[in-house]
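Protein chains in written order, with numbering that gives the first Met the number 0: chain B, 0 to 218; chain D, 0 to 218.
FYI, nobody ran anything at the bench for these hints, they're computed from the structure. Remember, it's a predicted structure, so these values are computed and weren't measured experimentally. Careful, some of the hints might be misleading.
Claimed, not checked - Derived coverage of chain D by chain B (criterion: at least 3 residues anywhere in the stretch with Cβ under 8 Å from a Cβ of chain B; other residues may be distant):
1. 40-53
2. 158-168
3. 173-180
What the hints assert, rightly or not - Far from chain D, some chain B residues (derived; all Cβ distances over 10 Å):
4. 25
5. 44
6. 68
What the hints assert, rightly or not - Calculated Cβ distances over 10 Å to all of chain B for the following chain D residues:
7. 14
8. 28
9. 85
10. 213
All C-beta atoms, glycine included, are put in the ideal place defined by N, C-alpha and C.
There are 2 protein chains.
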Amino acid sequence: MTPAKQRAARRSDALSKDLIVATAIEILDSEGEGALTFRALARRLSTGSGALYHHVANKDDVLRAATGQVIASTTHKSEHDAAPADAIRALILGIFDAIDAHPWVGAQLAREPWQVPLLDLFDAVAERLDADGVAERTQFDAASVLVHYVLGVAAQYAAAARALAGGADPSALLRAAVEQRAGERSPVAARLTEHDDREQLRAGVDLVLAGIAALKGRP
Amino acid sequence: MTPAKQRAARRSDALSKDLIVATAIEILDSEGEGALTFRALARRLSTGSGALYHHVANKDDVLRAATGQVIASTTHKSEHDAAPADAIRALILGIFDAIDAHPWVGAQLAREPWQVPLLDLFDAVAERLDADGVAERTQFDAASVLVHYVLGVAAQYAAAARALAGGADPSALLRAAVEQRAGERSPVAARLTEHDDREQLRAGVDLVLAGIAALKGRP
DNA sequence: ACCTGGATGGAACGCTGTTCCATAAGTGTG
DNA sequence: CACACTTATGGAACAGCGTTCCATCCAGGT
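Using the sequences and the accompanying hints, generate a full structural model.
In structure tokens form, the structure reads like this:
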């Protein structure tokens, strides 16, 4: 006979860090950054919030693992045979695509210092430049620019996604900011409202690549 | 005769948004991002947390205003007579210096989409390039790269400052991340641990400027 | 002297991440 | 097979957060 105060049934499939992280990614993708709480996570896994801490250190641990998983799945398939410039374009745009699909990744990459995926990207970029005969110092400078550039784009993209999820109008948001700047003309605002972010990123990368080529000519 | 349950004395100097924001900056600078709460703010102003909401919409409002104030005080003194390249270097390094002095600004710039200071910077950069005879399209691409680049650096810098405030060793943090990447050689890691961030930013800006010059030659 | 509306300060609400602990399940040992 | 022991579990409890609510107070106009 069961006692009057009965516990909820124990789950049959085992809990694990992988399962927790996978579920976290589900929540983040479908309901946004704000929806990821240990209570929501526990509810979806039919367990208590305390149980999660046996597999995971804390919330940052979950976010770190989730970010790593998403980035790894996109960086991992880099082509070694392409021309260095093409390879670098593909690497950077790969990060963008990952963030486009999972905006919360952008926020997380900007929130924690030197996450492993960022170091991987740094090395990958430097390696392609090395293969192209670029001076070591320039390799480093260029990788720094490209990584931080895409990081900045990522943060901005994630912030916009967050604001939009709150029910704001995409262009209205930007227009409001522009109009707030008491009467100054802004040659930039018009372009910002109508441009394609991915195409803009590609153009930016090409600009940096042009700089690398220029510095390679006369070191 | 005062009643048994007496209220605390009402403050003599008037509360205002400016006062609240100034106090918020004090807290952020001296105790870090995590220390800024409405309760701490109220305590320092000798008032209740509810009173603050008569002058300020919410916490984001305070952070936005604080960020705007810090950035404005550094951007504002830009030199109009310098060579375009020097002016741009000064603009970008000015943002870096502001973030170096107030790391929380870096986190805030990355957290909200298209804040006014960022648009101002965008326009200022584009304007210098316009004066230098750079094609309009390149103006936009270059401004995009530079703004997002410094934004990425800012986010990373703020994240590192946050981690360091938690009592971590600067280089140990990075070394741990490097060693986590099972055995891969990392030509980049050694450089990262010992480089000067500001000097690195300057080198990155120079690389972008080289790209602009290259594209100006053959459009 | 009165009224009234904005400013004030503190309590209360709902939510968060995290810790604690009684309990249930699995595992190796005699 | 029975027992101890380790580990996993789930839910309650805690401290702290942003925000809302409201009784109260003060200043200025009538």
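Against the structure, the hints come out as follows:
Using a Cβ-Cβ cut-off of 8 Å, 0 residues of the region 40-53 of chain D lie near chain B, which falls short of the minimum of three, so the contact claim is violated. Only when three residues or more bring their CB closer than 8 Å to a CB of chain B does the claim for the region 158-168 of chain D stand; here the count is 4, and the claim holds. Residues of the region 173-180 of chain D lying with their CB closer than 8 Å to a CB of chain B number 5, which satisfies the three-residue condition for coverage. At roughly 24 Å, the least C-beta separation between residue 25 of chain B and chain D is larger than 10 Å, which holds for a residue marked as non-interface.
For residue 44 of chain B, the condition that its CB be more than 10 Å from all CB atoms of chain D holds, with the nearest at approximately 27 Å. For residue 68 of chain B, the non-interface assignment is confirmed: its Cβ lies about 14 Å from the closest Cβ of chain D, beyond the 10 Å cut-off. For residue 14 of chain D, the condition that its CB be more than 10 Å from all CB atoms of chain B holds, with the nearest at approximately 24 Å. The claim that residue 28 of chain D lies off the interface holds: its Cβ sits roughly 20 Å from the closest Cβ of chain B, which is beyond the 10 Å cut-off.
Residue placement check: residue 85 of chain D keeps its beta carbon more than 10 Å from all beta carbons of chain B (closest about 17 Å). A cut-off of 10 Å between C-beta atoms contradicts the statement that residue 213 of chain D is not in contact with chain B; the least separation is 4 Å.
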